[in-house]
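Chains as they are written, first to last, in my numbering: chain A, 7 to 326; chain B, 10 to 509; chain C, 192 to 515.
Be a bit skeptical, because a hint or two may be false.
Stated by the list, open to error - Per the computed footprint, the stretches of chain A lying under chain B, defined by three or more beta-carbons under 8 Å from a beta-carbon of chain B, are: (1) 173-180; (2) 303-310.
Claimed, not checked - Pairs of lysine to any residue, SDA-like flavour, derived with a Cα cap of 25 Å: (3) B:Lys345 x A:Glu209; (4) B:Lys72 x B:Thr14; (5) A:Lys212 x B:Leu148; (6) B:Lys72 x A:Gly215; (7) B:Lys422 x C:Val221; (8) B:Lys143 x A:Ala195; (9) B:Lys345 x C:Ser288; (10) C:Lys318 x B:Ser314; (11) A:Lys212 x B:Val95; (12) A:Lys212 x B:Ser328; (13) B:Lys345 x B:Ser328; (14) A:Lys212 x B:Val324; (15) B:Lys422 x B:Met495; (16) B:Lys422 x C:Ser460; (17) B:Lys167 x A:Ala195; (18) B:Lys143 x A:Glu209; (19) B:Lys345 x C:Ser460; (20) A:Lys212 x B:Gly432; (21) B:Lys345 x C:Arg465; (22) B:Lys165 x B:Val244.
Calculated from the structure, these hints are not laboratory results.
Beta carbons are placed, not taken as given, at the ideal position from N, Cα and C, and that holds for glycine.
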Amino acid sequence: MSTIAYPRLRARVGRNRGVVVVIGLLVVLLVFGAFLSDRFRTPTNLLNIVEQSTGLALVSLGQTLTILTGGIDLSVGSMISLLSTLTSGLIAGNAAMILPVAVGVVLLGMVIGGLNGLLVITLRIHPLIVTLGMGAVLQGVVLLYSLGPAGKVPPGFTFVAYGKLFGIPIGAIVVLVLFALVAGFLRYARLGRYIYAVGDDDEGAKLMGLPRARVILFVYAFSGVCCALTALYLVARFGVGQPYTGLNYTLASITPVVVGGTMLTGGKGGVLGTLLGVYLISLLNNVLNFMDVSTHYQLIAQGLIVIAAVSIYVEKKKRI
Amino acid sequence: MLKLTGISKGFAGVQALSGINFDVRAGEIHALVGENGAGKSTTIKIIAGALQPDAGEIAFDGKVVSWSGPADAKAAGIHVIYQEFVLFPHLTVAENIFLGHERRGRFGLIDHDRTRRDAADLLQRLGVAIDPDKIVSELTVADQQMVEISKALVHKVKLLILDEPTAVISGREADLLFARLAALKAEGVAIVYVSHRLEEIFQIADRVTVFKDGAHVATTDIGDVNRERLISLMVGRDLKDIFPPKRGTGGGKVTLKAENVSVAGRVRNASLELRAGEITALAGMVGAGRTEFAMAIFGGLPASSGTVWIDGEQVGMLSPAQSIRRGMGFVTEDRKGQGLAMLLDVAANVTAADLDAVTRRGVIDRRRENQIAREEIEKYRIACRGPSTPVATMSGGNQQKVIVARWARTSRKVLVLDEPTRGVDVGAKTEIYRIMRQLADDGIALLMISSELPEVVGMADRVVVMREGVVSGELAGAAINEAAIMRLATQHPSAAGSHP
Amino acid sequence: MVDLVQSKPAAATEPKRSLTSRFSHLALPVFLILLIVISGLVSPAFLSGSNISNMLLQVAPLGIVVIGQAYVIILRGLDLSVSSVMATSAVIATSFSGQNGDVLPILLVAVGIGVATGIVNGLLVTKRSVSPFLATLATMIVLQGFRFAYTQGAPSGNVPPLFRAIGSATWNGIPYNILVLIVLAVVFGLLLARSRFGREVYITGGNPTTARLLGINADRVTIIGYVISGAMAAIAGLVLSGYVGIVDNWVGRGFELDSIVAAVMGGISLSGGRGGIVGGLLGAAVLVVVFNAVLLFGLPVQLQIIIKGVVIVVAAAFYVRRSR
Chain A
7 MSTIAYPRLR ARVGRNRGVV VVIGLLVVLL VFGAFLSDRF RTPTNLLNIV EQSTGLALVS
67 LGQTLTILTG GIDLSVGSMI SLLSTLTSGL IAGNAAMILP VAVGVVLLGM VIGGLNGLLV
127 ITLRIHPLIV TLGMGAVLQG VVLLYSLGPA GKVPPGFTFV AYGKLFGIPI GAIVVLVLFA
187 LVAGFLRYAR LGRYIYAVGD DDEGAKLMGL PRARVILFVY AFSGVCCALT ALYLVARFGV
247 GQPYTGLNYT LASITPVVVG GTMLTGGKGG VLGTLLGVYL ISLLNNVLNF MDVSTHYQLI
307 AQGLIVIAAV SIYVEKKKRI
Chain B
10 MLKLTGISKG FAGVQALSGI NFDVRAGEIH ALVGENGAGK STTIKIIAGA LQPDAGEIAF
70 DGKVVSWSGP ADAKAAGIHV IYQEFVLFPH LTVAENIFLG HERRGRFGLI DHDRTRRDAA
130 DLLQRLGVAI DPDKIVSELT VADQQMVEIS KALVHKVKLL ILDEPTAVIS GREADLLFAR
190 LAALKAEGVA IVYVSHRLEE IFQIADRVTV FKDGAHVATT DIGDVNRERL ISLMVGRDLK
250 DIFPPKRGTG GGKVTLKAEN VSVAGRVRNA SLELRAGEIT ALAGMVGAGR TEFAMAIFGG
310 LPASSGTVWI DGEQVGMLSP AQSIRRGMGF VTEDRKGQGL AMLLDVAANV TAADLDAVTR
370 RGVIDRRREN QIAREEIEKY RIACRGPSTP VATMSGGNQQ KVIVARWART SRKVLVLDEP
430 TRGVDVGAKT EIYRIMRQLA DDGIALLMIS SELPEVVGMA DRVVVMREGV VSGELAGAAI
490 NEAAIMRLAT QHPSAAGSHP
Chain C
192 MVDLVQSKPA AATEPKRSLT SRFSHLALPV FLILLIVISG LVSPAFLSGS NISNMLLQVA
252 PLGIVVIGQA YVIILRGLDL SVSSVMATSA VIATSFSGQN GDVLPILLVA VGIGVATGIV
312 NGLLVTKRSV SPFLATLATM IVLQGFRFAY TQGAPSGNVP PLFRAIGSAT WNGIPYNILV
372 LIVLAVVFGL LLARSRFGRE VYITGGNPTT ARLLGINADR VTIIGYVISG AMAAIAGLVL
432 SGYVGIVDNW VGRGFELDSI VAAVMGGISL SGGRGGIVGG LLGAAVLVVV FNAVLLFGLP
492 VQLQIIIKGV VIVVAAAFYV RRSR
């Protein structure tokens, strides 16, 4: 029987239901879009979709890892706002400042994220609360720094957002490389394996003597780094950072993760599903645009997708 | 190899261990026995570094040690196979086996092919046929246990601790395990073996230590004791003083009849009858489907088929609310997880299944509730400050009495008790047995699920035995003995019993 | 040789509750009083009649939302959709009419939207086992989109004068809206603390499995909890619109976080089964006092958000320590 002939394949597919579902939806939307409009089929439009999803992809990458450990990072929105405002505020049009500020912002993201992880470990309260609190604090801090757009970046910096390599947007290349690296890390590094173990059974990970604290610290610090990259990209795209840039990213970053089949309870899922989830959402918005559906309805569609996704993936819990 | 001296440990006012001594030598199998709640699990967790003792000294390999966590004990060469497996349900068999000891290749990256190959080798050496690529949550409980055991063989251990490793596996798999343990022993590994099954202990152990109520009772060479002596050391008094006298069977009419009850994957066409005034025991190994069968009758689990009659009236399969209205009760095995409302007080817990009795026009009559609670506290001798004591602060035995009191109030006809004396000291145990017999004498049909054979033999008027989801036989009256129950619980009738 | 050791019976005496745990429920009221006293000492204007009246005005809408949030959190949930319900129900209900004569239909439409949202939230959480966080997040987004689509970005409704009076007027310094809060708090506080339904809420929140085995319809209890939260949010939306004076697409923005902060500060545990309405309202009062003090002391407004963030983490850590 064929099911016996490919047990490994079957097991893989079984572990990545999200990926299969999302690929199916992507294909359906692409076909639908192609029938809808000639302009949809153009390479420019498709590259646009990929290019526009860069920010969401970056922040969702970090979010995937925190969710895989059974946690969540609700501070990403404020962190992006803070880091992007700092970026343009500190560069202030001075090209020589680009590199030191970019490095500094990435490090700051890592430190703030690491602080999230440290609080989760030491206070033993749910990451939801810790990062919610951290988000509020960061939002307050960025507003103390500036109430509106701060500074500006030299025109050359926008290359990060609008530049192309062999006709492919730089942002998209960065995203693909990062996702591939993290996918490899999750599969081939010990720490990657432990991320799944901690999310699967936190108590068990403790009993096994796995480096739980290191795992937690790592995922939140990494989420901070992803926020920093998102911030840099957004500053490049808009030419300036402002204190509400990241507002919508907190919740938006969770949607592709969930749509991609990663369980909110942790231990199951992966970054491939997230990437496809990001593209699915961008594609959907694009198709809706072509259908002349207003952004308001796009919001409704997004909410319904979340509901549909979590309803489909839900694991039947044993009900005693 | 290991020496514990004067180890004490308390939890929230309950002393789990009081000054125990325990030692294991290299190249011996040392059995650790005692009733539930005797302190075995706590001792294991202290040795493994998962708990820190309040007092006392641990010496390992000749040095006094102090583990700050499981990682320390593991690094020193201690491996524990817990009764509740430490398996990660969404990882594969191979990934689970090598978790923490990943097989790595170039650049320190995980080598998936080697992981799979080594896992297959290991499982083959153990003698079991399990696909290393399978997700662990898809395995049978017995296979999960074998995976758990194989984890101990991944790296060199100096001390191996096994907590009830045979509770869920068949005789053939147990023989595989014993052969492996004998080989490890020959290599000089020290082994601590915790089990309820005394015959196993006489088969493989060199020495045996008995714990009771958190204290060390005896340590002896296995040749110096016999079965009866061991039991009386564990229980602390003669069996006839613990169990109230039986009344004999055959008197009562059938109160409840369940026929062809099936629960997807767990129970197949199981039937039983409960008689008024009788205590019927549901026996079998862990994982045989006893709880699921009883739960399905009560309505707590969806049954894929089956019919229930109460007092001769066919009622089909009920919901818990309907069961309660018809005079049934269910004392769950997992007190904290399913039985008690841990955050509420004694009064609220006692009346929880019978809110009608304390509700007037939708409002809870707190005075009436406290009055009921005070009556029950007195009746069942529940040790607490009063009706408003939070149950979370009470000892296991008293918590159990609260639950029994709750259900005894509403169960006019049938009361199911799942492992009613788990984690309860011998004093409370005796009282719970007395209460159970009293309830039976009052005309209620009792169904007791129990893994403790002395308890089954001592209490039951009738025994229904299950094996792998099927009722494999029934014993009554004088025919009830441990050997007969074990035979029904473990024997493989034919190929039909093996896993598909 | 059998070496018998004297076995000691395990001590199973009832532990005495420590002094700290016995008085810890007083921590919040004491904290609130200290806060008021210190603020009054720092700035005499703080204790002026008009400022107190102002604080009461502000506490009412938040307090009403907290009542509903309390039910949901005690049931092991979380309601992120409250702010969206506030704005959506106010915007849609007042778009039909801004006349005093239509107050009742406006109220019914608003509460209807809140109730419907609660039912959807509750069904997702119970029947589809969606995590409360995601379920209410999704309804929040959907409602937001619905609201913007309905108004095309610019709400057209008017707040009836009666609501404006209730939302912002005072009688001898006592705002009318605080009376609305008190009535709702008494009704739903008693329902939670004294009624059979309240008992079922606590049992279900403590452990849904226990509840089911006790014959309690845990799903129904949970759904009703979300319905109460939706209805409270809708009422709070109207009260707040009355305070602001106009209907705005973002009425109630930030109330989801504020109401959760207030509840957690008030000892309502996110792990369920613990806490009550009074605690939640005290938490709301502390938040309003702190916000007010920040403004009165001439500190930057941004500090309000920072304090909120610190407070929720500290409060959660405090209650975790206590319950251990």
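Is it true that the CA of Lys318 (chain C) sits at most 25 Å from the CA of Ser314 (chain B)? Judged against 25 Å, a Cα distance of about 23 Å means the pair holds.
Checking one constraint from the list: CA of Lys345 (chain B) to CA of Arg465 (chain C), max 25 Å. Satisfied? 16 Å, holds
Is Lys212 (chain A) within 25 Å of Gly432 (chain B), Cα to Cα? 24 Å, holds
Going straight from one Cα to the other, do Lys212 (chain A) and Val324 (chain B) come out at no more than 25 Å? 47 Å, violated
Just to be careful, I want the Cα atoms of Lys422 (chain B) and Val221 (chain C) compared with a cutoff of 25 Å; is the pair within it? 52 Å, violated
Is the hinted pair Lys345 (chain B) and Ser328 (chain B) satisfied, with a Cα-Cα distance of at most 25 Å? 22 Å, holds
Within a Cα-Cα threshold of 25 Å, do Lys167 (chain B) and Ala195 (chain A) meet the stated pairing? Not satisfied, since the Cα-Cα distance of roughly 28 Å exceeds 25 Å.
Against the 25 Å threshold, does the CA-CA distance of Lys212 (chain A) and Leu148 (chain B) hold or violate the hint? 23 Å, holds
Decide if the proposed pair is consistent with the structure: Lys72 (chain B) and Gly215 (chain A), CA atoms, cutoff 25 Å inclusive. 21 Å, holds
Chain B over the region 303-310 of chain A, status - at least 3 residues with CB closer than 8 Å: violated (count 0)
Pair hint Lys345 (chain B) and Ser288 (chain C), alpha-carbon separation not exceeding 25 Å: Answer violated: Lys345 (chain B) to Ser288 (chain C) is near 54 Å, above 25 Å.
Is Lys345 (chain B) within 25 Å of Glu209 (chain A), Cα to Cα? 17 Å, holds
Against the hints set out earlier in the document, violations occur for numbers 1, 2, 7, 9, 12, 14, 15, 16, 17, 22.
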